[in-house]
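Chain order of the listed sequences is A and B.
By this note's numbering, the letter at position 225 of the first sequence is numbered 225, and the numbering carries on one by one without gaps.
With the second sequence counted from 1, adding 290 to any position gets you this note's numbering.
FYI, nobody ran anything at the bench for these hints, they're computed from the structure.
Hints are supplied without guarantee of correctness; some may be wrong.
Unchecked claim - Cβ-Cβ distance ranges computed for the label pairs, FRET-style:
no., chain 1, residue 1, chain 2, residue 2, range
1, A, 196, B, 574, 54 to 62 Å
2, A, 96, B, 440, 49 to 57 Å
3, B, 419, A, 101, 36 to 44 Å
4, B, 330, A, 165, 51 to 59 Å
5, A, 20, B, 578, 49 to 57 Å
6, A, 113, B, 364, 51 to 59 Å
A quick note: this is a predicted structure, and the numbers were derived from the prediction, not measured.
Glycine included, each C-beta is placed from N, C-alpha and C at the ideal position.
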Amino acid sequence: MDIVLQQVGYLYAKDSPFEKRALRDVNATIPSGSYTAIIGHTGSGKSTLLLHLNGLLKPSEGSVRIGSTLITSDTKGKALKDVRKHVGIVFQFPEHQLFEETVEKDIMFGPMNFGIPEEEARSRAHELIELLGLPPDIAQKSPFDLSGGQMRRVAIAGVLAFNPSVLILDEPTAGLDPRGRKEIMELFHRLHEEENLTTILVTHSMEDAARYADQVLVMHDGTSVLSGTPEDVFGKAEELASYRLGIPRSVRFQRDFETLTGKPLGQLALTEEQLAKEMAVVLKEAGGRK
Amino acid sequence: MIQSGVVELKEILSLEHVSFTYASEDVQESRKALEDISFTIREGEWIAIVGHNGSGKSTLAKLIIGLLFPNEGTIRVFLEELGEENLWNIRSRMGIVFQNPDNQFVGSTVQDDVAFALENNGVPFEKMVPRVHAALAQVKMESFLDHEPHHLSGGQKQRVAIAGALALEPELLILDEATSMLDPQGRDEVIRVVEELKRQTGLTVLSITHDLEEVLLADRVIVMNQGKVLAIGSPAQIFERGDELEAIGLDLPFSMKLSDSLQKEGIELNGNHMSEEELVNELWTSYFNK
Chain A
1 MDIVLQQVGY LYAKDSPFEK RALRDVNATI PSGSYTAIIG HTGSGKSTLL
51 LHLNGLLKPS EGSVRIGSTL ITSDTKGKAL KDVRKHVGIV FQFPEHQLFE
101 ETVEKDIMFG PMNFGIPEEE ARSRAHELIE LLGLPPDIAQ KSPFDLSGGQ
151 MRRVAIAGVL AFNPSVLILD EPTAGLDPRG RKEIMELFHR LHEEENLTTI
201 LVTHSMEDAA RYADQVLVMH DGTSVLSGTP EDVFGKAEEL ASYRLGIPRS
251 VRFQRDFETL TGKPLGQLAL TEEQLAKEMA VVLKEAGGRK
Chain B
291 MIQSGVVELK EILSLEHVSF TYASEDVQES RKALEDISFT IREGEWIAIV
341 GHNGSGKSTL AKLIIGLLFP NEGTIRVFLE ELGEENLWNI RSRMGIVFQN
391 PDNQFVGSTV QDDVAFALEN NGVPFEKMVP RVHAALAQVK MESFLDHEPH
441 HLSGGQKQRV AIAGALALEP ELLILDEATS MLDPQGRDEV IRVVEELKRQ
491 TGLTVLSITH DLEEVLLADR VIVMNQGKVL AIGSPAQIFE RGDELEAIGL
541 DLPFSMKLSD SLQKEGIELN GNHMSEEELV NELWTSYFNK
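Could you build all of it, start to finish, from the sequences and the hints given here?
Set out below in structure tokens:
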């Protein structure tokens, strides 16, 4: 399911004295099956953009095409409901949205709301509990008795429960400790591969964007200013700095290393493992330890 | 650091054999959240407490500020045993900054907000003004006096929250995961301010965090795991046990991870590299600069 944004503009409280422009002339294509990272400084418009990707907001100007559904300012609500069956959003701190008595009921709530029979929803819930690496006996527990990391997984299961083909992740690791962050990011990576998802990650972490995404979209001041592969985007450190964005640690270290030694590495090092490999080549060529 | 033979500095905080269990209806589920914790913090020390989510560090913070009381053992703050009678007096001598920057504002402007606690403590107006200004200058927010707190970035909000704590001229400043909800820029801003405070004042600081980069600033580090103290020592001593830290879900500083990956690629290096500068310099001197 491709998502295409053309000249999208959005005004909050349009035609009122409090009218405020949040987006202008946003253009982007998110191909089906891609893993796209959206990066941008706080206030760059990335959260408003995200709400357009499953029809929670309609563009004031321009159009958003999600699969075969075209959304403009005139689109009626009913068309949007259909879109939402295919696009799931994991909001920041999704565990704040848990509310049911048991984990099983919480995961089943979304699908049953979309008219899926109870038994089917239940078996899907149990599949998801396993898929997310949660213990099977958790199904009958109250979601509020779980640890923070487990609560987040249950909330994510609730989003996956209606089998979305597009999964939008808004800062999914905020507030988790380093191991929890890594586990959740690896989980989404695995889901992306195994469930053939189109994944859209909104993140402040340049390291995560570099490691997991195959396409990066940069937002600044309400508009899309740059997009491309992580190599393209993170190769433009000065341009990114002008949008108040940094580069991944590995790329920064690579720059320092290249400046000091005068030896360029073969390619942009998107992860620390890749950086170590490339550096090892140069260091060995230098004739080893003096 | 306290050296033997040197007069010991005044004790600020001390825990002796402290244990705590959250009351639970299900007896089997009640696990000790903290078990036999002992340590002492002296005047002017900068202490970091690290641990993964669920390691007991938040419970520890709640005990130190008297939101909970230990089941066993004693907590002494400013040389007095913490109890319900002296709680308010002791709390008025410490400043606390919490995790979520949006949950701790009451004033409609930055300066009102910083003045709030002073007003509560009956500080006369003529003393209040210079203290508010001085506190905001310490966190480099003096040009934001009349800004609305809600329109600040996350990093700016946390700096104002720190100023609010500093205005009370506390004898102990507690940062309870004060950077964990910030974006990378915000985290850097707060860490720089905290570094500066450390250099300029003799303030005693207890920082609870899971960011190991932040830990590098501390004089001593207390590592928590499953409700117990795993290790206490200088950052250098703690990072020597890198594998153990990773095993309990903590993340090592980038330079240490890279140094590790380089050694796996067959590059010989000497010991740990706690900063990127150290690592680059070693590579330069041992591989290029004959």
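Hints not upheld, ascending by number: 1, 2, 3
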